[in-house]
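Asker: The lines below spell out each chain.
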Amino acid sequence: MTEAVVATVAPAAVAEPVFVERRLGVAFWVSIGWVALVVVAAVLAGVLPLQDPLAIGDNAPRLGPSAAHLLGTDELGRDLLARVIFGSRTSLTVGFASIAFGLAVGGAMGLVAGYYGGRMDAALNGLSTVLLAFPALIFLLTVVTFLGQNLFDVTMTLGVLSVAPIARIIRANTLVYANREFVLAARALGARNRRILVREILPNVLPSALAFSLVAVAVVIVAEGALSFLGLSVRPPTPTWGGMIAEGGQVLAQDPLVALWPSVAMFATVLALNFAGDRLQVYFQVREGGL
Amino acid sequence: MRFLAARLAQLVVVLVAVSAVSFLLLNQLPGNPVITLLGPAATPEAVHQLTIQLGLDRPAWLRYFIWLGNALQGNLGSSYVNHQPVLTSIGQRLPVTLELLVLSQLIALALAIPLGILSALRPSRMLDRLASGTSFGLLSVPGFILAELLVYLFAVRFNLFPATGYVHLTEDPFENLRSLTLPAVTLGLGSMAVYMRVLRTDMIATLQQDFITMARSKGLPTWWILLRHALRPSTFTLVTVGGLNVGTLIGGAFIIEYIFQVPGLGLLTINSIYARDYLVVTSTTVLVAAGFVLVNLLVDIIYTFLDPRVRSARFAS
Numbered sequence: 001m002t003e004a005v006v007a008t009v010a011p012a013a014v015a016e017p018v019f020v021e022r023r024l025g026v027a028f029w030v031s032i033g034w035v036a037l038v039v040v041a042a043v044l045a046g047v048l049p050l051q052d053p054l055a056i057g058d059n060a061p062r063l064g065p066s067a068a069h070l071l072g073t074d075e076l077g078r079d080l081l082a083r084v085i086f087g088s089r090t091s092l093t094v095g096f097a098s099i100a101f102g103l104a105v106g107g108a109m110g111l112v113a114g115y116y117g118g119r120m121d122a123a124l125n126g127l128s129t130v131l132l133a134f135p136a137l138i139f140l141l142t143v144v145t146f147l148g149q150n151l152f153d154v155t156m157t158l159g160v161l162s163v164a165p166i167a168r169i170i171r172a173n174t175l176v177y178a179n180r181e182f183v184l185a186a187r188a189l190g191a192r193n194r195r196i197l198v199r200e201i202l203p204n205v206l207p208s209a210l211a212f213s214l215v216a217v218a219v220v221i222v223a224e225g226a227l228s229f230l231g232l233s234v235r236p237p238t239p240t241w242g243g244m245i246a247e248g249g250q251v252l253a254q255d256p257l258v259a260l261w262p263s264v265a266m267f268a269t270v271l272a273l274n275f276a277g278d279r280l281q282v283y284f285q286v287r288e289g290g291l
Numbered sequence: 001m002r003f004l005a006a007r008l009a010q011l012v013v014v015l016v017a018v019s020a021v022s023f024l025l026l027n028q029l030p031g032n033p034v035i036t037l038l039g040p041a042a043t044p045e046a047v048h049q050l051t052i053q054l055g056l057d058r059p060a061w062l063r064y065f066i067w068l069g070n071a072l073q074g075n076l077g078s079s080y081v082n083h084q085p086v087l088t089s090i091g092q093r094l095p096v097t098l099e100l101l102v103l104s105q106l107i108a109l110a111l112a113i114p115l116g117i118l119s120a121l122r123p124s125r126m127l128d129r130l131a132s133g134t135s136f137g138l139l140s141v142p143g144f145i146l147a148e149l150l151v152y153l154f155a156v157r158f159n160l161f162p163a164t165g166y167v168h169l170t171e172d173p174f175e176n177l178r179s180l181t182l183p184a185v186t187l188g189l190g191s192m193a194v195y196m197r198v199l200r201t202d203m204i205a206t207l208q209q210d211f212i213t214m215a216r217s218k219g220l221p222t223w224w225i226l227l228r229h230a231l232r233p234s235t236f237t238l239v240t241v242g243g244l245n246v247g248t249l250i251g252g253a254f255i256i257e258y259i260f261q262v263p264g265l266g267l268l269t270i271n272s273i274y275a276r277d278y279l280v281v282t283s284t285t286v287l288v289a290a291g292f293v294l295v296n297l298l299v300d301i302i303y304t305f306l307d308p309r310v311r312s313a314r315f316a317s
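Residue numbers (this note's numbering), protein chains in the order written: chain A, 1 to 291; chain B, 1 to 317.
Looking at chain B on its own, in the form it has when it is part of the complex (with noise of 0.2 angstroms):
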């Protein structure tokens, strides 16, 4: 219990500290929405009124603590934009990220954890050079450049799927799984390698344990021991990495979402950088952040399900 209190009482911090720095920080901008509303042509008196209209005529560090004032009333305000309230378009937008990062999470764990078991199963020989070389690789390929690859290959050459746009779920469920595949695919492929690299090295060790030894004398099938004894104990760096990578995603899926104009929160986010749109910016940061602690939490708590030991030292303690 006093473990959760701790990290929950981390969370408040973070969230306050990461809102406030972004809020002052995207105020020091040159720019404000104003000009962004009004166009460059605009009279002074215009801009004048507008501005207190808006109430940008106060400094940025009343408007901050107003803000948070609300914010902790559930009112994240409105954009200064299109007047629409932060946490409607956060609603649209973020059940798009969500779905992006679980298809690419499903992409990734299907190619890892399949890689990574028979990898470790006879290390050093050809089928582990080859997904080790080849996660290797893919580590060093940044995901602009995969993005555009993959969209040469099946958007460009082969009119697989679409290069870019996105269709609602509820709209067109193929056509919406097929604009999400290539978004999916670059997420999914960077992921990939990572979690067959940590899987495999944990898994070589699990094998050389006593009870995998027990368990191969008591002459059970091979798959077995690797599905029912060893997957298990392994998965520990798996889900830590797991989750630092979710985490990342959740915001970090920027450049992708901006690539292939996935209506996510990291295109909401680009977009009102652009624009200006503090509120927006800062809402959605304090959100991707909030999202990256509480995985971390959740990861956190993933372990006692793995192992019992974990949890009865937590008690213990």
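This is chain A alone, in the form it adopts within the complex (with noise of 0.2 angstroms):
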């Protein structure tokens, strides 16, 4: 080596050539949508007309779709139309609920970490580190059998589990925002540092924060949807989209379609948090940068 060579590490980011608009699109309102959709439907399952989804034997077990069923009925003969939508109050509680604990103690521990750096800062990072190397399912598993398997405790667990990925996220948006210019022209004006914080800064880290965690819900349906898959999230007979997959399992060969409902409930929710998350992030033009 002739020459020290002194370079920047990484390759200069260029922008793709493709041309960015600046507008949602209708599959992000289909997205939307969607969503919308199986909220109404889990809040109104009560209300619905719709069958008992834990009454045993009124029904003929493997009934096909029908007019009666529109989905059909599974092993004991329950209507699996109202099991679905009943199975989606757990997995839109447990996600949305620990998110938005996630995002209250998460955010609030990523802006004072990214604003004022230092000693919160390092407690942070480390903090991160050990959970980020600690295995998740395992840290699941030992914590919901501990806690006991009730919608309260898994949305807890979950909710703890997604601080910290949450609050480096926050700190790195934070960062972007805490030497810019109207930062320094408030507190030039005088303005206190919590005022900067709620005031300057939040605002402009909310939207990008906000399209985050419609991924991060997505994430945590999936994480439920695992536990209760091994049968250690809510109890039965309460149904939930993973454990309704879980016994659609044992009749794969007979009847394929107790199994299908739900994971096609559970994939569609997910892929629309997804996709809907990932449009408002180019959206926002979230930048990812700096972690």
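Bear in mind the hints are in silico, worked out from the structure with no lab data behind them. Using N, Cα and C, we set each Cβ at its ideal position, and we do this for glycine too. Be aware that a few hints might be false.
Said to hold, decoys possible - Coverage of chain A stretches by chain B, computed from C-beta distances (three or more under 8 angstroms per stretch; other residues unrestricted): (1) 216-226; (2) 253-264; (3) 269-279.
Dock chain to chain to rebuild the complex, using the hints, since each chain is given by itself in its own frame.
Answerer: Spelled out as structure tokens, the structure:
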């Protein structure tokens, strides 16, 4: 090596030549519409003209789709449409509530760490290094087995797990704005740190945080699905998508529809959340660098 | 050198933290290995005797330090349930998990690299849209749903591969591959979607750089430019993401191993959690965390081979 090359480490980022439209597009609204539909159905499940998702023996088992049972019935003669809709309650509650918790706690941590730096920043960094190396599923399995398999504990466990990754992203986004001119201007006008954080930085960080949290909700729905697939989420007979997929997995050869419907519902919801989040991130021009 | 020392120190801290947390966490669980061993009908005397025999009457933190002391000397203890040394069970299970990991990553890269390159060559055209759409869809399929789908298609409808079970490599290499095909494809498709996306993005950026224009103006054939000039500098994110992914998969293949009953580390861990076999779970957790940190260290070293500028920048500092 004859000459010392002092170079930038990463290759220079060049913008994609693809024209990025600043419009959300039809597919975005279809995704949002699907999520809205699932949420409304879950909320109104008790009022909708659905059969009892728990009643065993009212109907013949393993009926194909018909006018009376739009999606058919399962091994125990329970109406699959009712079970899929009631099952969405678990997934949606866990998904949205745990991320709301993660955003509140992790968001505050990330804002403070990104703005003040120093000890808070170092503590956050250390915490997330350990948490990232710790296999999340082992943590989930042990904690959920210990706390009990109910909606609140599953939600809180997943919420706590989401704190570190959310804090990291909010921190990175805060760093982008912490030294911008308008922050400097606010400080020069005599604004206190708290006011700068809440009135100047938060409104700028919030849009990308919301876009990211849609994707995070999808991740949590998958995690809850995995837990209930293993029989470790909310106890049966309460229907859950993961639990229904596991039940259907036992009778794949005889009746693949039992596993198909909850799988389709889960896939469509996760896909819609991912897509909407992805589009919003492009729309808000999230800066992913500097993590 | 200082870089390596710092990373190794970080490794030690992470391992101690992870082992302490998992050991103490597991000990908080209701139930214990004595009940697993003796069954619910055991007399209180028998329970008491076995508790003392296994040393479970001592407080959890004391047992943790005893375990840590032994672990530092290469003794991870024995399972409470079948008395097999933990090191032996890990020695049996680890190769299975690693074989599954290697197969799945081979499948992922074999699909992702050509698709990524071809998509980047003509962005927003048919192939690119198709590949990007498929990978976005694949990213939204939870692993256990993909597993059930593959089982239904290739084990139930067309009896091509076994739905569960594992044949050891030394028994029958062909059956061994057959038994690992479905789990490896399940894991591989998930990884492929991520790899293709990042390679495509980096490749598009590389193809706009001056040295590519230079190579074109020399009249070099397109395939030569793509493979010999553009591919290597475009693999930075791929290597990073791949490292993270492999690190996660060392332990993250739990559900896939459970569904297909592949006797790897994941299945061992799940079964040991159910049996409250503390020492086994702590050991596998530590192993998985160590694997995660080491793989990421390896990724940092690979960078220096991908781009000499990283090497000189690091030596300069």
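Asker: Each hint should be assessed against the structure and marked as holding or not.
Answerer: Hints, one by one, checked against the model:
no.	hint	result
1	216-226	holds (count 4)
2	253-264	holds (count 4)
3	269-279	holds (count 5)
No hint from the list above goes unmet by this structure.
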